[in-house]
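Peer 1: Can you build the whole structure from these sequences, using the hints too?
Line order of the protein sequences matches chains A and B. End of the first sequence = 644 in numbering that gives the first Met the number 0, gap-free, step of one. End of the second sequence = 84 in numbering that gives the first Met the number 0, gap-free, step of one.
Calculated directly from the structure, the hints in this document are not laboratory data. Values in this document were obtained by computation on a predicted structure and should not be read as measured data. C-beta: ideal position from N, C-alpha, C; glycine also. A hint or two may mislead.
Listed next, the stretches of chain A that the computed footprint assigns to chain B, with coverage defined by at least 3 CB atoms under 8 Å from CB atoms of chain B [to be verified]:
hint	region
1	115-123
2	194-206
3	229-237
4	241-253
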Amino acid sequence: MTSVGPSCHGAAGNVAAPPGTPIVALAGAPNVGKSTLFNRLTGARRQVGNWPGTTVEVGRGVLTEGDDVAFELVDLPGAYSLDPLSPDEALTRALLVDVDPGERPDVVVVVGDADRLSRSLYLVRQLRETDQRMVVALTMGDLAQRHGLAVSTSTLAALIGVPVVMVDPRHGQVRQALMGELHRTLADAPPVPVPAPTASDTFAAADERFAWIDSVVSASVVRTDGMRARWSDRIDRVALSPVMGPLLFLAAMWAVFQLTTTVAAPLQDALDWFFTGPVTSAAVAVLGAVGLDDTWVRGLVVDGLIAGVGMLLTFVPLMAIMFGLLALLEDSGYLARAAVVTDRLMRAIGLPGRAFLPLIVGFGCNVPAISATRILPNARHRILTALLVPFTSCSARLAVYVLVATIFFPEQAGTVVFLLYVISILFVVVIGLALRSTLWRSVGSEPLVIDLPPYQRPTLRLTAAVTWLRLQGFLRTASGIIVATVAVVWLLQAIPVTGGYAFGEVPVQDSLYARTAEVIAPVFEPAGFGSWETTSALMVGFVAKEAVISSWAQTYSAEEPGVDQPPGTLGDSIRADFVESSGGHVNAAVWAFLVFLLAYTPCVATLAAQRREIGMRWTVFGVAMQLTVAWVAAVAIFQIGSRLW
Amino acid sequence: MTPSSQPARTVRDLRVGVAAVLGEPTVGLTQRLRLAELGIRAGETVHVVQRSVGGARVVSVRDSRIALDSATARQLPVIPGAGEP
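Peer 2: Spelled out as C-alpha cells, the structure:
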C-alpha cells in the first residue's frame, strides 16, 4: 500500500519479511537501551536507512521463530513523549499516532528504564490514551536493584493495563520473555483506552498525566534500602568539573585520535602492502599466464579494481577502531558527559557539545568522523556536522603539506604546517557560523537539557556487535562509490588522445585525463596554479589526498620521495611549475594551493560516508560548498599575496 | 551571583548539595513540557549535585541526574525557604 504520510507498512527497506507479517515497533526515550534490545532481538542483522522523505534514521529487522519470520521489527527514533521537539520525535509520533489506523504497527513495545521508571511512563500513558496494542519492556533492572529499587512488574501491568516484562538486552536473553507477550497481545483484543486528560490546557493535561504516573510508580516500586549508591555522582565530580572535566575530555579525545590513527596506521600500511604487493603480483602472474599481461586488461584489473578494493579495505582497521571506541564511550555513559563539557564551546557555531568528537576525529581521518556524527541525536546537527568535518585537516593532507612546505619553505616547514591546521579550525568556525546564520537559523538555540545515564561497564559483546553493524554499513555503502571512482580515473588515464599510443598503454600526459586537466586548469589561473600538472594532481586528490604526490611523481616521471627524504628532482619540477603558473609570485601561489588542498573535497571515501549519513542531496551540496570555499579562498590568497610577495 | 546570606532565587543560585522546591519554570512552552517530561516541574524537589563548565548545573530530581545549561538553570525559580536548609 502506498500512503502519502509515513507508514510502518511497506515504506522502506527490503527486509525479508513475508507480506502480512505483524509489525512490532520499538519506542522509548533516549538512553533506555532500545537499540540494544533491537540488536539483541534481531541478532544485529538490520537494515538501516533514512526514512523516506526525511533524514531520520530508522532501523528495520526481523524477529524469527525457528526458520519462520514471526515479526518485523521497526526501531523508532528515541522520544520522551508524543509531543515532538525534533524531526526524529516527529517521525515517531507520525508513525504511532498520525497515520491511518491500518498503517500503524500491530504492537508497540515501549522500552522503559526500571531505574528511572517515572521517566518512561509519560509515553506509555499517552499511548494508553489510544487503543494501540502495547507491551512495556523494562531494561536496567540490574541497576535498579543495585540502587535499592524493587519494581513489581505484575502490579505495574495491572495499573497501566498492558503487559510488562523485565528484559536485560546488555547481558541476557530477551527473546523468550518478549515473544510470548507479543503473541498474547496480538491475539487479545486491543486494550481499552485510558480516558484522556480532562483539562484542555497542555500543562494542566500534562499534570494529570504526571499525577497518574506518580500513583503508578508509588504503587509498583518499593525502595528496599532508602539510600542509593551513587558512584556515578562520584565519577561526575571529576568528569563534569569545570576544570577537570575539559581536561579529561581532551585526554579522552586525544586517546581516541591517537588510537584511531597510530594503531590503525601499521594495519593500513600492511593492507596497502598486501594489495600492492602479493595481490598485484598474483594478478599479474595470472594475467600473464592467460596472455593478457601486456594489455589494457592489466591496467583495469591492477590499477582499477585491485587499487579500488584495496583502498576501501585499507579503511577497515581505521573504521573498526573508531566504531569500537565510540561504542565503548557510548555504552559507558561518558558521551553524555562529553556533551555537557563541550556544550558552551560548540554552541557558538550552532552545534551541541557532543559534535566536538566527530570534528576532533576528523583531524585523523574524515571518513570515520563522518560516521561518528551518528552520536548526534538531532538530524539537523548531524547534517551540519557532516558538512563541517571535511574542513578538518586529515592526516592524508598532512603528507602533501609536508612535501610542499619542504620544497618551498624549507626553513619554516613546521610553521607552515601548523598554520594550515589553524586555518582548518578557522574554516570550521567561520563556515559553521555562516551555515548557522543562513540555513540553520534555529539550530544552536536549543538549551542544554540532558538526562545523564548512570555509568555502566561496557560489555564486549555489545561493543563488538555495534562495531560490526556500523562497519558493515560503511562497507556496503562505500564500496560502490570508491571502486567506481577509481575505475573512472583509471579509464580516463587509459584513453590516449595524443601520441598514437594504444588504449591502456599511454603516458598520463597523453591521456584523456591530462586533456581534461588542461580544460579545467584555467579555472585555477586566478589562484596562481593553473597548470595541467597541478590540476591533474588535484583531480586525483579528489579520489584520495595521498594520491596527489604519486600523481605528481607520475606526471613528472620522477621518483616519489620516501618519508623524511628530500623532494629531489620532483621538488625541482613542482617548483618550476609553480614559478611558471604564478607569474613569479611563487609564495602566494603555493599558499593558495595549500589552502585549496585543505578545503576542497577530502576524498571519495568521505563522500561515500557522507552519502550514507546525510543522503545524496546534502553530499552534493557539501561538495559544491567545499569547492566554492576552496576556490574563493585560494583566489583571494593569491590575488592579495601576489601584491605583497 | 547571589550572596550566600540571601536565599537562592533560581536553580542557578543553589549551592551544590542544597535541595529546593521548584516554582513555575519561565522557559518557553515546548521547553517547559520537555522539562516536565524529565521531572523538572513546579512543586518537585531538586538538588544541585554538580557545577560544570560554563555555569551548567547537574540536578538530581527523583531518581535522575539532569544536566542543564546556565541559562536554563536561571529560568528555574525555586520557592524561597522551601527545601533549602
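Peer 1: Does each hint hold? Answer for all of them.
Peer 2: Each hint tested on the structure:
Residue count for the region 115-123 of chain A with a Cβ under 8 Å from a Cβ of chain B: 5. That meets the three needed, and the coverage hint holds. Coverage of the region 194-206 of chain A by chain B holds. Counting CB-CB distances below 8 Å, 4 residues qualify, and the rule asks for three or more. Here's how the region 229-237 of chain A fares: 4 of its residues keep a CB closer than 8 Å to some CB of chain B, so the rule of at least three is met and the hint holds. For a cut-off of 8 Å, the count of residues in the region 241-253 of chain A with a CB near a CB of chain B stands at 3, and the three-residue condition holds.
The structure fails none of the hints (numbered hints given earlier).
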